[in-house]
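Trainee: Which chain is which? The protein sequence lines are A and B, in order. For the first sequence, this note's numbering gives the first residue as 108, with consecutive numbering after it. For the second sequence, this note's numbering gives the first residue as 191, with consecutive numbering after it.
None of these hints come from the bench; they were simulated from the model. Be careful, since some hints might not be right.
[Unchecked claim] Label-pair distances were calculated between CB atoms; the ranges are:
# : chain 1 : residue 1 : chain 2 : residue 2 : range
1 : A       : 233       : B       : 811       : 53 to 61 Å
2 : B       : 1105      : A       : 186       : 20 to 28 Å
3 : B       : 390       : A       : 207       : 53 to 61 Å
4 : A       : 186       : B       : 568       : 52 to 60 Å
[Said to hold, decoys possible] Mimicking EDC-like on lysine to aspartate or glutamate, the simulated pairs with C-alpha atoms at most 20 Å apart in a straight line are:
#  : chain 1 : residue 1 : chain 2 : residue 2
5  : B       : 347       : A       : 180
6  : A       : 195       : B       : 430
7  : B       : 395       : B       : 430
8  : A       : 239       : A       : 222
9  : B       : 347       : A       : 182
10 : B       : 347       : A       : 184
11 : A       : 195       : B       : 455
12 : B       : 909       : B       : 353
[Unchecked claim] On the chain A side, residues computed to face chain B include the following (Cβ under 10 Å):
#  : residue
13 : 153
14 : 156
15 : 160
16 : 161
17 : 162
18 : 166
19 : 167
20 : 171
21 : 178
22 : 181
23 : 192
24 : 193
25 : 216
26 : 241
We treat Cβ as the ideally placed atom computed from N, Cα and C, and that holds for glycine.
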Amino acid sequence: MISELLKGLQTTGRYLFRQPVTVQYPEVKRPVRERFRGRHELKRFANGLERCIGCSLCAAACPADAILVVPAENDPEHPTSPGERYAKIYEINMLRCIFCGYCEDACPTNAIVLEHQYELSFYSRWDAVYPKERLIVPPDQGYGEVPPVLKELGNKSPSPPAQMDL
Amino acid sequence: MAEDITLIIDGVKLTVPEGTNVVDAARTVGIEIPVFCYHPRLRSVGMCRMCMVAVGIPRIDRDTGQCLLENNRPVISMFPRLQTACTTLVSPGMVVMTSTDEVKRAQRGILEFLLTSHPLDCPVCDKGGECPLQNLTMGWGPGTSRFEYHNKMHFEKPVPLGDLILLDRERCILCGRCVRFQDELADDPVLGFDLRGRDWHIISKSDPPFDSKFSGNTTDICPVGALTTTDFRFRSRVWELRSVPSLCIHCPVGCNVNLDMRHREVMRVMPRENLAVNDIWICDKGRFGQHFVESSERLTTPLMRRGDQLVQVSWEQAFETIAERFVAIQRKHGGTALAGIAGERLSNEDLYLFQRLFREVFGSNNLDHRIGTPGDLPDDDIGVMLGVGSGTSLVTLGKGTTVLVIGANPEEEAPVYLLHLHQMVKHGGELVVANVRPTKLDHSATLSLRYRPGTATQLVRGLLRVVLEEAGTKHLSQKTTGLAELRAALNHPMASVVSATGVSEDDIRAAAHTFLQAENAVIIYGAEAMAEGTALSQDLGSLALIAGKTGKANNGLLALLPWGNSRGVLDMGVRPDRGPGYAPLASAAKEREGAGGRKAAEGAVQRGLSAREMWNGVVEGRIRGMYLMGIDPASAYPATRTALEKVDFLVVQDMFLTPTAQMADVVLPAAAFAEREGTYTNAERRVQRVRPARPAPGDCRPDWAMVQGIAEAVLALLKGTDEEQGTAKEPRKKLKGKKREAPGGAETATESPGPSWGYLTASEVASEIAERVPGYQGIAYTRLANAASRGGWGRQPNESFYYGGTCYRNSEGVGIQYPAPAELSGAGFSLKPREVETTSASGGDTRYPFLVVTQRLLYDGDPFLRDSQLLAHVPAPYVAINPSDARSLGVQAGDRVRVASVAGVLELAARVSDEVPAGCVLIPSNLPGAPLSMVQTGLQTRVAVSKVGGRRE
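Please put together the full structure from these sequences, using the hints given.
Mentor: In structure tokens form, the structure reads like this:
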């Protein structure tokens, strides 16, 4: 009987001296995979203009109907985005979003990218609706890289057109 | 008659009428030939080369003239090159191939060329999602391009073509649909091509640019996103829109529209196909003038006067107060001390209940729909008695038709009819236009008559005389009386007609002749004709009767009444002298009693007061309480302000806090047409339905529901006091249950509960209208919804891209045209001419030398235009003067002039125009800040004109 007990404790003893598997979240955060789909970010161009042109294709592609885009015409003197059109209102309801990434796929300007932020908890339902101000990256943080999925595709033509006339 | 022609397209044998082109023929058997420049409503030009097909015809033996046969089949000789299908008319035995390799290669080539310089900006383009270029590229395009991506032409964009339409030159494929629409259909040749080669582009040739009332239609038919409206620009993507079938209520045409909604907002207004009404077009007022619905100035709660202020109250409080005050007035002064006016853009349901409230509950016939200005047009009854027959469709008229337009300017009064009339002339019809002054319709008229102001009746009598001379009474098929009186009235020498009207005898004879000889004939008369008095419409009716142009489809009278439901107002009996369905008051009251209503009070059978008499009645103390529904007399006729201030109790029901509402004791907030159910009756007596597209703001209720709320509160109050006093002579069970009128309504009033109030939906009101209003039998909502059109030109419904990608589908009902009395057997008509009303008392007065010709403008001081971009098109108040008169007055264009009559004075800017006859001044009737009613003394007003002050900037 004792031999069985010791045999069992052997496994315990072995793990006692190994590195723990548990990560002390939130003090310690595990890195996510390159292709992890976390919270969306709206990217900018290098000159600070928003990449989003308010075309609503993300909203059309969204299977969960989580995105609302209300477009408007750019002021030619102080444009918000290149071209004639920009998103006056851009909202994503994080409670509806299923993080499928179709919006990213549909975006013709690579404006919306599912980044690696995954801490999405809210005190109220309204907090779950992220307006454009919370989604867009600050101008000084540079412009969005081409999403990793597209990088992997290499020279093959990506699903958003590489060229656009705005 | 067009013969039928049999041909073979892609191996399918089909038979189509002669004159059909190959594109349309292929469509009838479901073969799609891609097109850009071709549009079934426009002339084929073959500009885009997209519809290339291989065509062959049977080889003919020159000796015998017979088809050569080989193995018993005709030998087909193919054309050496591909042909454009839209310009190729079918011929017997023709063989068409639409999908050979050669054809496909040509189609791919054309698309590749079209896309060489087309920008890749579909994500920002308003047409994206309903774009024929996108669709055809997906369906027929090559997929790749051999052209350099960066070698595209770039232009400045967008270029405004007018203030409503923007042009994106980069996207334009130069199909010319917009140019052809403006030239051929709208008869406003304001667009054109400029330069050549790669610089070739569309320009506006007019000043102000794109000066057309139909400009919005060009954006519908544009096959790319080159033309967009400023109204819809970047507001939404088309796939996000939800189309709600509705109607335009601005004018009597009653165009079918779709309100394209995104959530609760109206994003755009699109035409909805209805071959009997508007085809696939709408005017700019219908398209851009519906923003009042979303105005931030809408009323949202009932308001009640407390001291000097209007404060918010609950519905119960509002109804109770109204009931108490109205009942108190009724008790003290009788029901005839109450009066009501209802607007002409309310639905039939509202109007029906409104008159029921007054006639049945208050026992008063003091009802009207006019404001009571001296220039109010007389009620048009002939227009319904002898109205155009059911089944009439102006869209389909052509050869063999004569349309006589008299005293009307369809461009301003009923714009879409202008398109139809123009199209009719193109199809070989005859258009006789008789007017005081030139209108746009003269361009397309086959005969234009210019009569002197005030002589239209004499002109029509001249026509009648010729018709009687030529045909006698052999065409007279209806039962009539008064022929002898008519003959007596016509007993002048023709020369006197000629000298009075200024129209030559040849022209009168020619007009009468074409009218008489036509297979179908329609008489359209408008505001200027109605201003000549009822004698003219009576004579127009006689003309139609004697020429035998009544009681059948595409024949009869068509009155251009002022607003969207002006016909419904008359049908529902919101007038002092007739009940619903034009029934005389006594018989209407009897019918109500028969149907179980209360015994009619004395006031219910006597003719009530018209609006004009009401205002006097208030001043004299005969009218104590008024109920104004959807009408704003204080701004349209400022003279009513004293009466409105004096009246003891004033209830105003409106969408906005109008000047009238500001004077009210209780203001009730009404839902707009887009927020409710309802039916409207157009000029051709077609009853059509609107549906709710958005929730009403705040506490707004549909008008009929508010009328019902008042009626129920009044009845509850009456019942309560009757029980208290124990004087109830007849039990009033009206409020109990929602039982409809018992079958065999002859039961005595004391037994039957009668038609109760307590309607839950507008549909229930409509069912009661269908039961009780003569003419409306069977027009229930279910039937209105079923009457869907199959669509024209042999196409299937919802083949939207055929017309350019935009949704015109009508699956929600085309309405029901109820028959005119002339179509029913047993109707009798009087030919007896009426006394010609002489011009106003000061006719020969030298102090007032000018006769006022009033003109209705489409873009006028209409409160429904608020928040619309069309406000920029509303002219500042003006008076137009003939150049010779202007010279003698020393007036130049732009001067301020005083226009004075016996009644009052207006100060207006002068315009000098040779379109105005000498001795007349032309004043638009309702421009903001200068209501013509201030100077009017009657239907015809004489004024003095003098220059004031300096030249205006």
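Trainee: The structure should be examined with respect to each hint, and the outcome stated for every one.
Mentor: Cross-check of the supplied hints:
At roughly 59 Å, the beta carbons of residue 233 of chain A and residue 811 of chain B sit within the given window of 53 to 61 Å. The given range of 20 to 28 Å is broken by residue 1105 of chain B and residue 186 of chain A, whose C-beta atoms sit roughly 47 Å from each other. Taking the beta carbon of each, residue 390 of chain B and residue 207 of chain A are about 46 Å apart, not inside 53 to 61 Å as hinted. Roughly 59 Å separates the CB atoms of residue 186 of chain A and residue 568 of chain B, a value that falls within the hinted 52 to 60 Å.
Of the pairs offered as hints, the one joining residue 347 of chain B and residue 180 of chain A holds, with about 13 Å between alpha carbons and a cut-off of 20 Å not exceeded. Between the alpha carbons of residue 195 of chain A and residue 430 of chain B the distance comes to roughly 16 Å, so the proposed pair stays at or under 20 Å and holds. For the hint pairing residue 395 of chain B with residue 430 of chain B, the CA-to-CA distance comes to about 35 Å; that exceeds 20 Å, so the pair is violated. Distance restraint check for residue 239 of chain A and residue 222 of chain A: the Cα-Cα separation of roughly 15 Å lies within the 20 Å cut-off, and the hinted pair is therefore satisfied.
For the suggested pair residue 347 of chain B and residue 182 of chain A, the alpha carbons sit about 13 Å apart, so the restraint of at most 20 Å is met. For a cut-off of 20 Å, the pair hint linking residue 347 of chain B to residue 184 of chain A stands: about 14 Å separates their Cα positions. Restraint check for residue 195 of chain A and residue 455 of chain B: satisfied, since their Cα atoms lie roughly 16 Å apart, inside the 20 Å limit. Annotation: proposed proximity of residue 909 of chain B to residue 353 of chain B is violated, straight-line Cα distance about 59 Å (limit 20 Å).
Against a cut-off of 10 Å between C-beta atoms, the interface hint on residue 153 of chain A is violated, since the closest Cβ of chain B lies about 20 Å away. At a threshold of 10 Å, the smallest CB-CB gap from residue 156 of chain A to chain B is about 14 Å, leaving the interface hint violated. Given hint, residue 160 of chain A at the interface with chain B, holds; its Cβ is 5 Å from that chain's nearest Cβ, closer than 10 Å. The closest approach between the C-beta of residue 161 of chain A and any C-beta of chain B is roughly 7 Å, which is under the 10 Å cut-off, so the hint is satisfied.
For residue 162 of chain A, the interface hint holds, since its Cβ comes within 10 Å of a Cβ in chain B; the closest pair sits about 3 Å apart. The beta carbon of residue 166 of chain A is positioned within 10 Å of a beta carbon in chain B (closest approach about 7 Å), and the interface hint is therefore held. Interface restraint check: residue 167 of chain A against chain B, minimum CB-CB distance 6 Å, threshold 10 Å, status holds. Below 10 Å, beta-carbon pairs count as interface contacts, and residue 171 of chain A has none with chain B, the closest being about 16 Å; its hint is therefore violated.
At a threshold of 10 Å, the smallest CB-CB gap from residue 178 of chain A to chain B is about 5 Å, leaving the interface hint in force. Evaluation of the residue 181 of chain A hint against chain B yields a held restraint, the C-beta minimum of about 9 Å falling below 10 Å. For residue 192 of chain A, the shortest C-beta to C-beta distance to chain B is roughly 4 Å, which falls under 10 Å, so the interface hint holds. Evaluation of the residue 193 of chain A hint against chain B yields a held restraint, the C-beta minimum of about 9 Å falling below 10 Å.
Taking 10 Å as the C-beta cut-off, the interface hint given for residue 216 of chain A holds, the closest approach to chain B being about 8 Å. At a threshold of 10 Å, the smallest CB-CB gap from residue 241 of chain A to chain B is about 22 Å, leaving the interface hint violated.
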